[in-house]
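Q: Top line first, the protein sequences correspond to chains E and V.
Under this note's numbering, the first sequence has 141 at position 122, and the numbering climbs by one with no breaks.
Under this note's numbering, the second sequence has 544 at position 113, and the numbering climbs by one with no breaks.
To be clear, the hints were calculated from the coordinates, so they are not data collected in a lab.
Glycine included, each C-beta is placed from N, C-alpha and C at the ideal position.
Wrong hints could be hidden among the right ones.
Unchecked claim - Here are the simulated distance ranges between beta carbons: (1) V/Ala578 - E/Ala191: 39 to 49 Å; (2) E/Asp56 - V/Ile556: 17 to 27 Å; (3) V/Val496 - E/Val260: 47 to 57 Å; (4) E/Ala57 - V/Ala578: 14 to 24 Å; (5) V/Ala578 - E/Met166: 41 to 51 Å.
What the hints assert, rightly or not - If you only want the chain E side, here are some residues facing chain V, beta carbon under 7 Å, derived: (6) Ala28; (7) Asp35; (8) Ala62; (9) Leu78; (10) His263.
Claimed, not checked - Quick look at which bits of chain V chain E covers, simulated, 3 or more residues with Cβ under 8 Å: (11) 479-490; (12) 550-556; (13) 562-570.
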Amino acid sequence: MSPARLGEADLQAYIDGRLDAVRRAALERWLAAHPDDAARAAAYRLLGERWRAAYAPVLEEPVPAALLDALEGKPRARRALLRAAIAVAAGALIALAASLYLSPAPAPEIVNRAAMAHAVYATEVQHPVEPRPHDEILDWLSARLHMSVQAPDLHAAGFTFLGGRLLPGEAAAAALLMYEGQNGQRVTLYWGPEFRQARETALLYAPGEHGMRVYYWLDDECGYAVASAELSQQELLAVAVMAHEQLEK
Amino acid sequence: MEGQQRIAALIPHLRRYARALATSGAAPDELVRATLERAAQELQLAHAQADLRVWLFSILHETYVASAAGRDVEAAAAPDAGATGAAAFERAIGTLPPLQREIFLLVTLEDMSYEQVAKTLDIPIGTVMSRLSRAREKLRLVLMNEARLRQVK
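Only chain V is shown next, with the shape it has when bound in the complex:
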């Protein structure tokens, strides 16, 4: 009961993350649902976790990687410029490889420490740093380009 409630409190965060990952194919809530199903099966493990959030997000990460969306190495950005709002964010993040998306979003939305990100994604902390740097630079360039395109129009 207690483990479930602590997990339930994190559902809005899992949903936000899944939404921002902008998986073209799988619906974000489907990703969260699969994550929660697995968490429910392994509920005994939840009690042993020092960091429940890292545990849950690592399950979501594995689910994401196992899905087709997570395997795409470089999803093509939809070229329908002119759209704004969430669509622009989805398009921009769609230009990043899955691992860079995840690192950028865990740091940005979840405010995770680099060590927590490394544990969540099961990668060395040095990889977190280098990919984070690449992700930000790419997003900066993509959004700058978009802004320029919009001015020209």
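Extracted from the complex, chain E is given alone in its bound form:
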């Protein structure tokens, strides 16, 4: 059978790959007999490709910290107020302002940041990391973080280094290194120099909800957090110990 006229809705669904086989075949027959419509269909398809290509890089951009703050329900005004208070006050006043404006955090900030970064980037199938050679990316991250960023070898735990990316932090840049297991499970290692503290901590565990787990430790150079949403606590511990040993040797 040959359709009497071109169904405009069918043409749109054809462009979007949403026609069933029978209607697609009918539409293709129509296009084969009507070059003008075929040219229009080709142009529509090209539009889609051009728009997708033009805006694909946005998916690669680091998510601005302000947006993550908005999601965490931190209003901008209150943060500005807190900064102003800290700027003018000293000693006890800072402590007072902090107790007024900072709610007691159940987990250190590095845990939230690492969990959020993991959630955003570990789910990216196509572009979880910067498309650059491994040694180049580590050199680049080292330059941006002003410290030697290394990728610990986690092969013994079954994880391969995929690469990394630069992230915004509150006060300084941070880095996220990504690893993948044989079944596609992802583990990330977060580097946050702004979380460094003089007294080195032990390897600490921060359980998240719904499978997100984080191990972290802080030293006088950087804060580190190993995160995964797919590994058991035991599996993640093995990975974290391996990373901790290599980075603190």
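Place chain V on chain E using the hints.
A: Frame of chain E, contents of chain V only:
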């Protein structure tokens, strides 16, 4: 925590969409920030959503419509031909009414089904189809014209 993380995973998509909407006035990230603030306030609702992406984009849509950029019926295309890259896309999409922009971008960038688009924008599916068709035809003509102008120059 879990709701937040699932939303966080969609932030790059919200940003891409907001950027492509090419709102002349409001900065795209400002649109996303307002969306996330509202999502954070209504986080309990997030758990009840069958389709979190549709929910988030519908909040972005309402924010967009409430902003001045979303109310412009027919934004004038800047006439500085010759520019290429994203500017050409922004100019072309700027010739579409806001609803057509949204439909075209949700289908094209987000690969949403027509039903998801209808739910996101709270309009009948027939409207989605007719406006999508108009949007594509308009964009085709605008870009064809631009290409012709560039050849003449």
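Q: Per the CB criterion, is E/Leu78 less than 7 Å away from chain V?
A: holds, 5 Å
Q: Taking 8 Å as the Cβ threshold, is the statement that the segment 562-570 of chain V is covered by chain E upheld or broken by the three-residue rule?
A: Result for this restraint: holds, n = 5.
Q: Mind checking, does the segment 550-556 of chain V have 3 or more residues with a CB under 8 Å from chain E?
A: violated (count 0)
Q: Verify the interface restraint on E/Ala28: the C-beta must sit less than 7 Å from at least one C-beta of chain V.
A: holds, 5 Å
Q: Is 41 to 51 Å a correct range for the gap between the Cβ atoms of V/Ala578 and E/Met166?
A: Holds - the Cβ-Cβ distance for V/Ala578 and E/Met166, about 50 Å, lies within 41 to 51 Å.
Q: Against the range 39 to 49 Å, how does the distance between the Cβ atoms of V/Ala578 and E/Ala191 compare: consistent or not?
A: Since V/Ala578 and E/Ala191 have Cβ atoms about 46 Å apart, the given range 39 to 49 Å holds.
Q: In this structure, is the beta-carbon distance linking V/Val496 and E/Val260 contained in 47 to 57 Å?
A: holds, 52 Å
Q: Against chain V, is E/Asp35 within 7 Å by beta-carbon distance?
A: holds, 6 Å
Q: Note whether the CB distance of E/Asp56 and V/Ile556 lies within 17 to 27 Å or breaks it.
A: With Cβ atoms ~23 Å apart, the hint holds.
Q: Given the range 14 to 24 Å, decide if the beta-carbon distance of E/Ala57 to V/Ala578 lies inside it.
A: Hint holds: Cβ distance 19 Å, inside 14 to 24 Å.
Q: Does E/His263 pass the interface check with chain V, least Cβ-Cβ distance below 7 Å?
A: violated, 24 Å
Q: For the segment 479-490 of chain V, does the count of residues with a C-beta closer than 8 Å to a C-beta of chain E reach 3?
A: This one is violated; 0 residues, fewer than the three required, reach chain E with a Cβ under 8 Å.
Of the numbered hints given earlier, the model fails hints 10, 11 and 12; all others are met.
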